[in-house]
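Based on the hints, put chain B in the right spot on chain A.
If you're matching them up, the sequences are chains A and B in order. Residues 1 to 332 (my numbering) make up the first sequence, in order. Residues 333 to 804 (my numbering) make up the second sequence, in order.
Rather than coming from a laboratory, the hints here were simulated on the basis of the structure. Incorrect hints may have been included.
Said to hold, decoys possible - Straight-line alpha carbon distances no greater than 25 Å define the calculated DSS-like cross-link-like pairs of lysine-lysine that follow:
| no. | chain 1 | residue 1 | chain 2 | residue 2 |
| --- | --- | --- | --- | --- |
| 1 | B | 387 | A | 230 |
| 2 | A | 230 | B | 371 |
| 3 | A | 328 | B | 406 |
| 4 | B | 477 | B | 490 |
| 5 | A | 184 | A | 328 |
| 6 | A | 126 | B | 371 |
| 7 | A | 126 | B | 382 |
| 8 | A | 57 | B | 490 |
| 9 | B | 417 | A | 69 |
| 10 | A | 169 | A | 130 |
| 11 | A | 48 | A | 69 |
| 12 | A | 230 | A | 300 |
| 13 | A | 130 | B | 387 |
| 14 | A | 224 | B | 382 |
| 15 | B | 382 | A | 151 |
| 16 | B | 406 | B | 703 |
| 17 | A | 126 | A | 224 |
| 18 | B | 371 | B | 382 |
| 19 | B | 382 | A | 184 |
| 20 | A | 251 | A | 57 |
| 21 | A | 130 | B | 490 |
| 22 | A | 133 | A | 169 |
| 23 | A | 179 | A | 224 |
| 24 | A | 169 | A | 328 |
| 25 | A | 184 | B | 387 |
| 26 | A | 314 | A | 69 |
| 27 | A | 151 | B | 387 |
| 28 | A | 224 | A | 300 |
| 29 | A | 314 | A | 48 |
| 30 | A | 130 | B | 382 |
| 31 | B | 382 | A | 230 |
| 32 | B | 683 | B | 753 |
| 33 | B | 490 | A | 69 |
As the list claims (entries may be wrong) - Cβ-to-Cβ under 8 Å is the rule here; a few derived chain A residues that face chain B:
| no. | residue |
| --- | --- |
| 34 | 92 |
| 35 | 93 |
| 36 | 190 |
| 37 | 191 |
| 38 | 194 |
| 39 | 206 |
| 40 | 207 |
All values derive from a computational prediction rather than experimental measurement. Heads up, the beta-carbon is just placed ideally off N, CA and C, and yes, glycines get one too.
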Amino acid sequence: MRTRFRITLLALATVFGATLAHADVTLLNVSYDPTRELYEAYNVEFVKYWQATHHEKVTIRQSHGGSGKQARSVIDGLRADVVTLALAYDIDAIATNGKLLPANWQMRLPQNSAPYTSTIVLLVRKGNPKAIKDWGDLARPGVSVITPNPKTSGGARWNYLAAWAWALKQPGGSDATAKAFIAKLYHNVPVLDSGARGATTTFVQRGIGDVLIAWENEAHLAQKELGPGKFEIIVPSLSILAEPPVAVVDKVVLRRGTRAVAQAYLEHLYSKEAQEIIAKNYYRPRDPAVAAAHAADFPKVELVTIDLFGGWAKAQATHFADGGTFDKIYSP
Amino acid sequence: MRVSQGLVAIAVAAALLPFSYAKAEPDNTNESNDPAELKQEIQDLAQRLKVLERKLEVQQEAAQAAAAETPVVKAGPKGFSLQSKDGANVIKLRGLFQIDDRYFLDNTTPASASTAILRRVRPILEGTVNDIYDFRLMPDFGGGKAIIVDAYVAARFKPSFVVTAGKFKPPVGLERLQSGADIRFVERGLPTDLVPNRDIGVQISGDVFSGHVNYALGYFNGVADGTSSDNIGDVDSDGDGDAAARLFFQPGATADNFAWRGLGFGVAATYAHTDGTATNTGLAALKTPGQVNFFNYRTGTTATFADGTRTRLVPQFFYYYGRYGILGEYVESSQDVTRVNGALTRSGRLKNDAWQVAFHWFVTGEEETFKGYTPSSSFSLAERTWGALELVARYHQLTIDREAFVGGANSFADPDTQASKASAWGLGLNWYLNQNVKFALDYDRTRFVGGAAGGGDRNDEEVLLSRVQLSF
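Extracted from the complex, chain A is given alone in its bound form:
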């Protein structure tokens, strides 16, 4: 009798508490810096989709910042139901260091869990006054280059590796020549922002620098919304295929009971409707039909992949870890 009473009391308390905790369905999407406009548009679409298919209201909250910083925030306790970061390495860190999702997370969604891709281009001022044509021009004396800090920004790491890859591909190219080139390039960087959006602000709104190394979508955004007719996009001869991945954070959705809606949120990114939103926001869609319809927006460019650097783990250890190549060539 006594034990039954206790169990009933505890069960009542747990159920009541659980009910209170899950009265509203919300998701937190922790994303990297430049995806604000993309997810603002996508979230409207997903909320409509979920309401129509599950008759349930869902509210999506967004957090944006440098990809590396965002990953550290999630490891330190930021309760992200999903992460949509700039590079797989940052989500690997959440899996390995935070133990918040399994190591095989990238296999759980199609195309390495990257529903869209992007690449790195160069944004210059109208008229291209410094005659920037390719990566090599960024190391010229007198050219001021804007790019974020690769220690905190995923985009900055793609920028760095794209430039390194170009240097490697030059006649006589080697790690030594690439390192020398990168050193000259970063010598021309007056300000290191923490994320891609900050770098865009520095170049576009503060008017600093001659060239911005940017995500393709950031470059188009700058042209279209922040400075119509004020900038030009220079597509370099070679760039890198960036595959920003997405993942459900298992430990968080387990605790919050939001696995179903979080999973659907990421799966819906592969739908035609979402791929259309992705293309309109200047991310390269995975869907072939949508990609064909928007081909004019995405010029063909020779792309290398992270495999050139032995994968993200090796690239991170070699270039961006404390004491790595970046620390050796750049001091504030």
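This is chain B only, laid out in the frame that chain A set:
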């Protein structure tokens, strides 16, 4: 002669003129006057200025981001704490230290009872995790012992729904629910002898109707009157638990008329089925304000023990208005008991009751409240301020059921050594030197019915209790 001197002067001046003219003219051989170059220089300078401004912006953003995550360290009258910037995670270190002196003025209480003691030595570790889950760990090293007094977690899902689990005060006695640092007398009144102190269990509680009503419903291991579960090793000694419930009303909690805000009244109750034995009776001795036993059931191999239902009913109230306060409660504790004396087994149901009324008056004008106190000034010889002074007075009484003494040698309690009634009045003075330090001085006089050989009355107890308290 004058003409020739003038000519010489002119000649000297003319010779020196090129040199002075040469010194006055600035050296601008490296500067360009080309407008295009000047324009470029200005643009370069403007760019450098923009870079400096942007670097400052980025540094400020980084500093703000760092500040947003920097924990906040606080130290003050309410203790020491470390909390996250958003306040959702906090850990606090507090403490309660009480050094008492008991001096018995009557010539009956043994001289050994007059003593100085460490009444409470309690470091308190408490905090909050995730903005909802409060925890508290409070050991006590006073009185030559080391026990865990409080150890619990309380989940505040809503103000109206708080789940508490662990060891804490069951929601029963009003003065018992007041913290040891806040009680206005050195020792609590006689009614507290009949209510549980600390027990292990789970409780649902909360404030409803805009804070006008507080409810609590709990289930605990069960303890004898006036005792804590650490008296029996923090276990459920009899296999049955206590259900406890309390409803407390503060109808004027948000009233415009402040005269009503300090009114509170309610009722608490417990229900248990207790199965004691002669070696583990489930019954407790009752103490005077001087903490001397004045009543106990028969002990030893033929001890009286709890055997059946125990119920408590505790109507209670307080009223605080300005510098005045009054607190009162009545406790009725009914217990089925049995005693086996040789071949004879006697059982009965005994109803003991107690009540008290206590008055508090802040002479220096501070506001009386149930929880805490805030002196208007601190004691300082340099500034000639004296802190706060409070006078307190109470009358309290505890009556044992007469049935306890019926039956001669087979009675549940010995009338020749155990009092059947204790009536006490007390006066006290509390001097609050500041928010943290208090000096208290009480005089309590307790009169007894019974408790002496041949049906006589035990001599009165007169005790002077003093305390130095540090709490933070």
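Here is what the structure says about each hint:
no.	hint	in the structure
1	B/387 / A/230	holds (24 Å)
2	A/230 / B/371	holds (21 Å)
3	A/328 / B/406	violated (41 Å)
4	B/477 / B/490	violated (37 Å)
5	A/184 / A/328	holds (12 Å)
6	A/126 / B/371	holds (19 Å)
7	A/126 / B/382	holds (19 Å)
8	A/57 / B/490	holds (23 Å)
9	B/417 / A/69	holds (18 Å)
10	A/169 / A/130	holds (24 Å)
11	A/48 / A/69	violated (31 Å)
12	A/230 / A/300	holds (23 Å)
13	A/130 / B/387	holds (23 Å)
14	A/224 / B/382	holds (24 Å)
15	B/382 / A/151	holds (24 Å)
16	B/406 / B/703	holds (22 Å)
17	A/126 / A/224	holds (13 Å)
18	B/371 / B/382	holds (16 Å)
19	B/382 / A/184	holds (22 Å)
20	A/251 / A/57	holds (23 Å)
21	A/130 / B/490	violated (62 Å)
22	A/133 / A/169	holds (16 Å)
23	A/179 / A/224	violated (34 Å)
24	A/169 / A/328	holds (22 Å)
25	A/184 / B/387	holds (20 Å)
26	A/314 / A/69	holds (20 Å)
27	A/151 / B/387	holds (17 Å)
28	A/224 / A/300	holds (20 Å)
29	A/314 / A/48	violated (41 Å)
30	A/130 / B/382	holds (19 Å)
31	B/382 / A/230	holds (19 Å)
32	B/683 / B/753	holds (13 Å)
33	B/490 / A/69	violated (33 Å)
34	92	violated (23 Å)
35	93	violated (18 Å)
36	190	holds (4 Å)
37	191	holds (5 Å)
38	194	holds (7 Å)
39	206	holds (5 Å)
40	207	holds (6 Å)
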